[in-house]
Amino acid sequence: MKQRSFLNRIKAQFTTKSLVLIPIAVGINLIGGTLCSALKLPLFLDMIGTIIIACLSGPWVAALCGFLTNVFLTLVANPVYFPYSVVSVLCGLVTGFMVKAGLFRNIWGAILTWLVCAFTNTVSASLITIFVYGGATGVNGSSLFTAALIATTKKIILSVLSTSMIENLVDKGIVFLIAYLLVQKIPKRFLSQYALGMNEDELEEDW
Amino acid sequence: MKLSNTFVEKDTMIEKINPLTKILAVFCFGLGTLLFPKLWLGFGLIICLFFIAYLGKLLKPFTRLMLGFGLPISLMLLFIQGFYGVNNKTVIADFGFAELGLEGVLYALKIVTTLLVFLGSFYLMNQTTETGKLVAALTNSGLPPKAGYLVLATLNVVPQMQRRMNVIQEAQEARGVEIKGRLVARIKAYLPLLGPVIMSSLTDAQERGMTLETRGFGIKGVKQTSYVQVKTTKIDKIINILLVLFLIFVILASIWMK
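Protein sequences appear in the order of chains A and B.
All residue numbers for the first sequence refer to the working numbering, where the first residue is 1 and numbers rise by one.
All residue numbers for the second sequence refer to the working numbering, where the first residue is 1 and numbers rise by one.
Just so you know, the hints here were simulated from the structure itself, not pulled from any lab data.
Hints may be right or wrong, so weigh each one.
So the derived list for chain A, only partly shown, Cβ under 10 Å to chain B, looks like this [to be verified]:
1) 14
2) 24
3) 52
4) 56
5) 80
6) 146
7) 147
8) 150
9) 174
10) 182
11) 185
12) 186
For each residue, glycine too, the CB sits at the ideal point set by N, CA and C.
For reference, chain B alone in the conformation it holds in the complex (with noise of 0.2 Å):
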């Protein structure tokens, strides 16, 4: 499993988009697949976020993540729920080993597809904004300076600590410590790189405290200025509104198709 963040510049018309216009649309499709009682508007909007991938370049890692997640998921909830459901009533087929029920087949399908909106409208923001823009954004309208820091200085020290890691590893196989064999020989081999691993990391983290310190970091009643530029533009004051009005309308027919 690497760890590391994704974006990569494509130069396309959604990564000039406001990282907050990107929140609020994943925030209004995925509340409104899960208000709106009828399952096409789930698979409208999945159809649509096929769409967004393709104007931002990344219909086939996109596709790749929709069927690798969306098919498993798919099967067992509708075995789960479609033969085990408790409000299983109209038996739609009968499998021998247990009766298919309408109403688990639709709950599992409504599941799914507010998963797949919420997953795929989070996976093409996160894929098309930059996580320092994305934390600009949010420092800007509110969130902590210090809490910003923590999800930057999380995504900069992870790679840091996989590739110290290596580095231990590789030491360690050189004094001959057997990395591969039977499970319990892997746990062994993998103690002895724990240790070291986390010992160091934690030496590093003093370093980091004090040099944040002797910076200014812990001043307070200070308004910390950010080197990364959010803007705000008329296109996205026009989705903004867009997205607000869809979210609006879909709670209002809810609410009438109810």
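For reference, chain A alone in the conformation it holds in the complex (with noise of 0.2 Å):
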């Protein structure tokens, strides 16, 4: 019986009006790796719009978006980004929790979803690095910066965290401010019409 209703309350994220949102997340999610480039920054920037949706839809939509987002790479882009759609899908759950769970409300809150967030990432894409790729995509200059620490200390695994933990934080902080400053300008009638998200339990109060 709970099982049932956990899945019918995943199922209720699913909307309509929250599957639409979600190509326009995965495209907000691209535009800043569009800046980055523009910028010449080493960073992806890459979850602006995964982090929105977490707080109009909910966790799994947030999920689903992450996980497009790499499959839109995979098929555009490289196919070496697929295996990190695990990461996308992490990344998109926990941020989706906290803020249910009200985190995202005021700036502490926001802050503790960023590390939150970043050590996820971290932890699952240096997995991933390791495992996967044994230690380097070369996709991107951070992989020079990891084989300049593995000489010096002579361990992968601790090397690839490292260099994983420095993107991460830089990352997912100019992200999330982003993101925060974003969702506060989003005028409250909009965010009403998504049924799970933010203003859950205003929205009970109304209905």
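Bring the two chains, given one by one in their own frames, into a single complex with the hints.
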């Protein structure tokens, strides 16, 4: 019985409105990537849309959005990104549940979400880099940094983890700052049409 | 970074094969290379892929991809695993600052060949298949139509959003926002871009949602039909059987060789 209500709750997040939002959120995620290449930053910034959709439609929609972002990158940019879809899914879920717990309403909650999300991303992405790619993907400049660290510390896991940690803290920091500012700017009326998300309790009072 | 669908019709044999057959091929080749204990199978498959790329009139971009991805990652992995791999026992060369281990080099080569086979075959599959056809084939074999819609919509929406971003960028430049300059100046210039792009996209999503609902997107208990038809020919069946046989053979050979 409990299992079924859990599944139903996931299903309830996938209304047509949320479904339509997903491609847009994926587009927002990718605009972050375009921004990075325009600014020549060695970052990804590919989570802005995922965070916004986590605030609007809930964790599972955010997870699907993260997954689709990687599917899209796999199809049009480079198949190397596909294994990292696990990372995007996990980050979407973590952010979604923390938003649902009401942590995105003030700046301290947002900072906590940022740290937890950066940590999740670091661990999962490092595991994939080590076990799928043997230590480096060679896609961006951070692989060179990893190689340099390995040469000095002689430890592969430690080097990959610390590179990823630095990269993620900066990357997710910018992403969460932008997303937090944006979510503040979305009109309340717009937020309230999505069934699950930030203002779930307020909605229940209203209806 | 320009992101849009990269399929260009070239009227080759490979384009006529059912997308599902190609996915099976990617799966069989990649898994075969991963399981097989010796390296030559991976190298052989890579050569085969070059031949298939030639058949699909994709030899030039394919070579560029394989070299552009293959060379940096090979060097990087040979460095990381060869010098500092955990399993290194047999030393084949001493460079003074570190020793090159045989096991690490073999491990690195194994990863690189597996990756290249996966990457190369996936690239060929992707370049020779129209995404609409791919999604239609997947929907026919049981993928929920809503999931299919999501993939296709994403492919359509992203170039649209990039166009919108260009328009807004030009508008902001007309207002006097400087896009060039030092890093801080550039970041400052891009922030007033993001807000309008994202907000207008959100309102766009609302419109799309209403349009889809009025056209029966959310109706339950109806079998959705697809405009794109995908056929399974005799050649597809033969290729499928050959691929499965290849995978079984590789699995048996790997067990026997261990």
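Are any of the numbered hints broken by this structure? If so, which, sorted upward?
Violated hints: none at all, because every hint is consistent with the structure.
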